[in-house]
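Protein sequences, first through last, are from chains A and B. Residue numbering for the first sequence follows the working numbering, starting at 55 and increasing by one per position. Residue numbering for the second sequence follows the working numbering, starting at 916 and increasing by one per position.
Please keep in mind that the hints were generated in silico from the structure rather than gathered at the bench. Just so you know, not all the hints are guaranteed correct.
[Said to hold, decoys possible] Below, a list of computed lysine-lysine pairs in the PhoX-like style, where the Cα atoms sit at most 20 Å apart:
| # | chain 1 | residue 1 | chain 2 | residue 2 |
| --- | --- | --- | --- | --- |
| 1 | B | Lys971 | B | Lys986 |
| 2 | B | Lys920 | B | Lys1032 |
| 3 | B | Lys983 | B | Lys971 |
| 4 | B | Lys969 | B | Lys983 |
| 5 | B | Lys920 | B | Lys983 |
| 6 | B | Lys969 | B | Lys986 |
| 7 | B | Lys1025 | B | Lys986 |
| 8 | B | Lys1028 | A | Lys92 |
| 9 | A | Lys92 | B | Lys983 |
| 10 | B | Lys983 | A | Lys98 |
| 11 | B | Lys1032 | B | Lys986 |
| 12 | B | Lys969 | A | Lys98 |
| 13 | B | Lys920 | B | Lys1028 |
| 14 | B | Lys971 | A | Lys98 |
| 15 | B | Lys986 | A | Lys92 |
[As the list claims (entries may be wrong)] Have a look at the derived ranges for each label pair, beta carbon to beta carbon:
| # | chain 1 | residue 1 | chain 2 | residue 2 | range |
| --- | --- | --- | --- | --- | --- |
| 16 | B | Pro994 | A | Lys92 | 28 to 36 Å |
| 17 | A | Lys106 | B | Arg976 | 36 to 44 Å |
| 18 | A | Asn110 | B | Pro955 | 41 to 49 Å |
| 19 | A | Ser126 | B | Ser923 | 34 to 42 Å |
| 20 | A | Arg121 | B | Gly931 | 43 to 51 Å |
Virtual Cβ for every residue (Gly too), placed ideally from N, Cα, C.
Listed here are the chains, written in short residue letters.
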Amino acid sequence: DAMVIQNPRYQVTQFGKPVTLSCSQTLNHNVMYWYQQKSSQAPKLLFHYYDKDFNNEADTPDNFQSRRPNTSFCFLDIRSPGLGDAAMYLCATSRDLRIGRTNQPQHFGDGTRLSIL
Amino acid sequence: DQQVKQNSPSLSVQEGRISILNCDYTNSMFDYFLWYKKYPAEGPTFLISISSIKDKNEDGRFTVFLNKSAKHLSLHIVPSQPGDSAVYFCAASASQMNYGGSQGNLIFGKGTKLSVKP
Chain A
55 DAMVIQNPRY QVTQFGKPVT LSCSQTLNHN VMYWYQQKSS QAPKLLFHYY DKDFNNEADT
115 PDNFQSRRPN TSFCFLDIRS PGLGDAAMYL CATSRDLRIG RTNQPQHFGD GTRLSIL
Chain B
916 DQQVKQNSPS LSVQEGRISI LNCDYTNSMF DYFLWYKKYP AEGPTFLISI SSIKDKNEDG
976 RFTVFLNKSA KHLSLHIVPS QPGDSAVYFC AASASQMNYG GSQGNLIFGK GTKLSVKP
């Protein structure tokens, strides 16, 4: 089945030690998103790629960066994780940015739960 | 300030009865609304959506109603089944640029945890 796959499912890192989370998709979608979700909170968009064009949300900390080397893969890099970065990180894809116009929803992976020691 | 609000953190319903989950939004430029279901340790799964040009969309046991004048939408599940027990997220997006957010960005509510008891 076409899917959005996130690896690893659980990641533990040390305070200040860089960490990379990965996402791959077989849907051949143009857009890939990274969301952060803290406990009992709404998922919050960090940034997205439309093809190779990167769009950073205004309030995303500089500590968070992303790479999309090809259509299928997208990475979330946290340069110096702090305790406040412990969260579930969700990757999502969509065919187009204007999901309402195309009636194509975003599809999510199962997430990576990041813990900071 | 939350643009999408789900004011009930939890809801408990008896199997076979109707579940009604509510969602309110503040930005009048939102034109597409979605409901996602999330089981523990899994990502959100798309359930049903509605465009702002409609006031109702139905898919099997799931119906979403949109009241634009009240900026309110609801998800009805009937009949409710124990397998429906999950967290339900309401989300909204705007297809236009310059609405105050990124085009296509989903703005989520905090979710409502539905428990369907046998």
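For each hint, the structure was consulted:
no.	hint	result
1	B:Lys971 <-> B:Lys986	14 Å, holds
2	B:Lys920 <-> B:Lys1032	25 Å, violated
3	B:Lys983 <-> B:Lys971	11 Å, holds
4	B:Lys969 <-> B:Lys983	9 Å, holds
5	B:Lys920 <-> B:Lys983	15 Å, holds
6	B:Lys969 <-> B:Lys986	13 Å, holds
7	B:Lys1025 <-> B:Lys986	17 Å, holds
8	B:Lys1028 <-> A:Lys92	16 Å, holds
9	A:Lys92 <-> B:Lys983	30 Å, violated
10	B:Lys983 <-> A:Lys98	24 Å, violated
11	B:Lys1032 <-> B:Lys986	30 Å, violated
12	B:Lys969 <-> A:Lys98	27 Å, violated
13	B:Lys920 <-> B:Lys1028	14 Å, holds
14	B:Lys971 <-> A:Lys98	27 Å, violated
15	B:Lys986 <-> A:Lys92	26 Å, violated
16	B:Pro994 <-> A:Lys92: 28 to 36 Å	34 Å, holds
17	A:Lys106 <-> B:Arg976: 36 to 44 Å	41 Å, holds
18	A:Asn110 <-> B:Pro955: 41 to 49 Å	30 Å, violated
19	A:Ser126 <-> B:Ser923: 34 to 42 Å	39 Å, holds
20	A:Arg121 <-> B:Gly931: 43 to 51 Å	49 Å, holds
Violated hints, in rising order: 2, 9, 10, 11, 12, 14, 15 and 18; the structure is consistent with all others.
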